[in-house]
Amino acid sequence: MSTSTATVEQHTPTATSAADMGRSALRRGSFWFALAVVCLVTAVAMHLLDDSEAERYGLGNTDLSGYAALAEVLQDEGVTLHRTASAEQARQLTEEHDDATVVIMIDPWEPEPDFLDHLAQTDREVIWISPEAELLAGLLDDVEPGYSIPEGAAGTAMTLQADDCQLDSGAAAQTLQAPGETLIAESGCFPVGGDSYPLVSTEAGTVFSAPEAFTNRHITSAGNASLALNLLTTGGTEEIIWYSPTPGDVVEDQAWADPVELLSDWMVPLGWWLLACGLIACLVAGRRTGPVVTEPLPVQVPSGEVALGRGRLYQHANASDTAARTLRSATVLRVAGILRLGQRPDPEAVIEAAHRQTGTDRHQLSQLLSTPRVRTNAELVSYARRLQELEEDLRRSVTGAGMTSTDRNREEHQ
Amino acid sequence: MVLTWRLLWVALVLAAGVVLAPELIGWWAGLVVVLVVVDLLTAASPRRVRIEREPTRPVRLETTTTVASVVHNLGSRTLRGTVRDGWQPSAGAANPLQPVRIRPASAQRIEVQLTPRRRGALRSAHLSVRSLGVLGVAGRQVTHRVEHTQRVMPPFRSRKHLPSKKQRLRELDGASAVQTRGAGTEFDSLRDYVHGDDARSIDWRGTARRQHLVVRTWRPERDRRVILCLDASRTSAARIGDDDDGEPRLETGIEAALLLGSLAASAGDRTDFLAFHRHTVARVSSAEKGDFTHLLGERLTAVEPALVEADFSRLPTELSRITSQRSLVVLLTSLESASVLEGLLPVLPALTSRHTVLLASVQDPHLEQLARARSTVGEVYSAAAAERSLLESAVLKAELATVGVEVVEAGPHQLPAALADAYIHLKALGRL
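These protein sequence lines are chains A and B, in that order.
Take the first sequence: its letter number 222 is residue 222 in my numbering, and every next letter is one higher.
Position in the second sequence (from 1) plus 1000 gives the number in my numbering.
Bear in mind the hints are in silico, worked out from the structure with no lab data behind them.
Keep in mind the model is a prediction, meaning the values are calculated, not measured.
We put the CB at the ideal spot given by N, CA and C, even for glycine.
Wrong hints could be hidden among the right ones.
Claimed, not checked - Here are a few chain B residues that face chain A, going by a calculated C-beta distance under 7 Å:
hint : residue
1    : Leu1007
2    : Leu1012
3    : Ala1015
4    : Val1018
5    : Ser1076
6    : Arg1077
7    : Ser1128
8    : Thr1143
9    : Glu1147
10   : Thr1149
11   : Ala1237
12   : Ile1240
13   : Gly1343
14   : Pro1365
15   : Glu1368
16   : Ala1384
Hey, can you work out the whole structure from these sequences and the hints?
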């Protein structure tokens, strides 16, 4: 039995051409695409490799707002800094180092309450540092937010005097100059407006509300450096636990659930299933019906190649003289053809005939048609154009004359 | 092994099962595997088929043809699936991929529509058979290397000129002057003398019978010999014209050879054709059995430009092998100085001494465009180079004229008609 199949599946030419267009567009844009990918990869790599800290009051931050200078000096003094961002780790550190001073850097996240309770039970040195007087007042019972440190005429903060300061560090420093806030307390150092101080001693520890004073920008101003060193090394400690809370500390551990657990039971198996479906799709689409068919291409050469190549050789060699002579010979031959002067015309005869036909000056014509003197490319271009114009003029005048003579004949016949 | 889109749809439907019973995902995957295995086991063997390619007839370029292959199922199961005929892209296969359903010990004819885009022997090297199982989700595939060839003849676009040229040949009847005297001229009829007729052609006996002047008229000479020589060397590979309507010199030469060959053969001249580069690549004679135009078209299918220099030195020998009679030798080549000066010119005296030689060459309109453009430095240099090429070909033409060769030069689409006109002109002059 044999049946002929008329209607069959076929590749529509539009689909093929659309795919071709897509492919060619991809090929055209491939350079820019590659460039974009390279830029992206470089940016990501630089970001990943860049280990410099950008956090404000960060111990490793070497910018103007950082504490790198302070950290460096402290380390030179033999102080070991244990930096941590989590309360859990800070708790472990306090257990490991019994006599270490704890610095709580509150900017702007609050520390974990459990850790504060844990600190309250021990009697170690605690230093609270924060630019936010409000936050400090909320955490500590015996202080209230006070005035800001006033600015001088030039916009810089006023230099504060220690006055009668009970804290050794404050007394040693004598002066403080930095923008910041103050706290209202019974006593303190560097008073602003009477009962408001940036450095206060409380039950929970020493509180400092102008951390800008210890930044790389301000550490050298007034007695700031002395205050920083004296404050942080109070009690002759050689270990400092530097705890700067992060948002993770505020939320309880239990609140952070595994996102997978939030999904329904069927989501993960479905994901795997769809992945398998994708694999099947790849296998189906990737299987050709038979091998790729190639086209044996015939030999073909664009015909103008030889002339164009020779033209480029002329240009490379700056052969303006040769080019001018070739152009002249061709024009003379064609002009002779127009003027019916035969196959091998005498140049003088051509000049004479052209003069008679167009009325152009003999001297000009002889300059143009006998010996061209062309030295530069610009001269060559203008020479070539003049030759062309002459030829066009001649052709126009000859055909014009031809027409009039025909017209005359016609009139005679009538 | 092949998988089908149907398997993907089945898998996507089963995704609903995965949602409803996620713990049974292993069973769902097993089900898919079972489906595939069942299909693979139930598919007919694509290897146990016999492919029979039906012979094709040569077709002209720009026409559509149907080629057929018969697939015999030698297995014991029904073969379901698709076959793909691997025609090369320029064959322009409209439906190479076709569904099949062949019962055991039966066959199916696969017809593929071809619209060739190139002259020559176009090939399909293989036929791939994809056999699917009962479910149609998987199967097996085998490629059978059975060759199929479709010969594509030149388009012979210039055949539109043929009726008018034949008409002009007919008009020559009775108007032809005869150069050779005595035997060999062919008497046609007597007619009344009109002013201007050659007094020598007056038939005095007829005049005496009719009481007014009667002249003899002659038919154009028949049974002359025309030999067409097509140069298929490197110069014929040059493509003239733009990409869209441009064609290599060889194609124009083939068109011109077809028109002139058909015309000469229909005018009763013995016409021979040979294509050559280093050696003869095709040869046709009107003495052979069959229509000369068709024969010529068929033999020309396989002629392709070769990147070698033409060997003109063998031409006189080849021509003397064809005939010892005086003939019109038409050289279809190019007026390129290097090849003509070194190859052809030394040979020409030997040819012109025995034959009338006509050289037909395609003019490149691109050169004249290049010579006219003179706005930038680069263009002026190109113009100078183009002018130089034109000058060289003008010089060549003059040299050829001195050797006694007539040159026909025309644009790619005008050359066939111009060459036919030159032939008619020579015939009218009785120079054949």
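Quiz item: Is the shortest C-beta separation between Pro1365/B and chain A less than 7 Å?
Solution: Violated: closest Cβ of chain A sits about 9 Å from Pro1365/B, beyond 7 Å.
Exercise. Please verify that hint: Ile1240/B, Cβ, nearest Cβ of chain A, below 7 Å or not.
Key: holds, 5 Å
Quiz item: Is the interface hint for Glu1147/B satisfied, with its Cβ closer than 7 Å to some Cβ of chain A?
Solution: With a minimum Cβ separation of about 12 Å from chain A (threshold 7 Å), the hint on Glu1147/B is violated.
Quiz item: When the nearest CB of chain A is found for Val1018/B, is that gap smaller than 7 Å?
Solution: Status holds, d = 5 Å.
Practice problem: Return the status of the interface hint for Leu1012/B: holds when the least beta-carbon distance to chain A is below 7 Å, violated otherwise. | Solution: Since chain A brings a Cβ to about 6 Å from Leu1012/B, closer than 7 Å, the hint holds.
Exercise. For the hint on Ser1076/B, just tell me whether its beta-carbon gets within less than 7 Å of chain A.
Key: Cβ of Ser1076/B sits 16 Å from chain A, so the hint is violated.
Quiz item: Should the hint that Thr1143/B touches chain A count as held when the rule is a Cβ pair under 7 Å?
Solution: holds, 5 Å
Exercise. Mind checking the CB of Thr1149/B against every CB in chain A and telling me if the closest is under 7 Å?
Key: violated, 13 Å
Practice problem: Using 7 Å as the Cβ threshold, decide whether Arg1077/B counts as touching chain A. | Solution: With a minimum Cβ separation of about 15 Å from chain A (threshold 7 Å), the hint on Arg1077/B is violated.
Quiz prompt | Hint validity - Ala1237/B Cβ closer than 7 Å to any chain A Cβ | solution = holds, 5 Å
Self-check item: Residue hint Ala1384/B, partner chain A, criterion CB-CB below 7 Å
Solution: At 4 Å from the nearest chain A Cβ, Ala1384/B passes the 7 Å test, so the hint holds.
Self-check item: Closest C-beta approach of Leu1007/B to chain A relative to 7 Å, hint status
Solution: holds, 6 Å
In terms of the numbered hints stated before, the structure departs from hints 5, 6, 9, 10, 13, 14 and 15, listed from lowest to highest.
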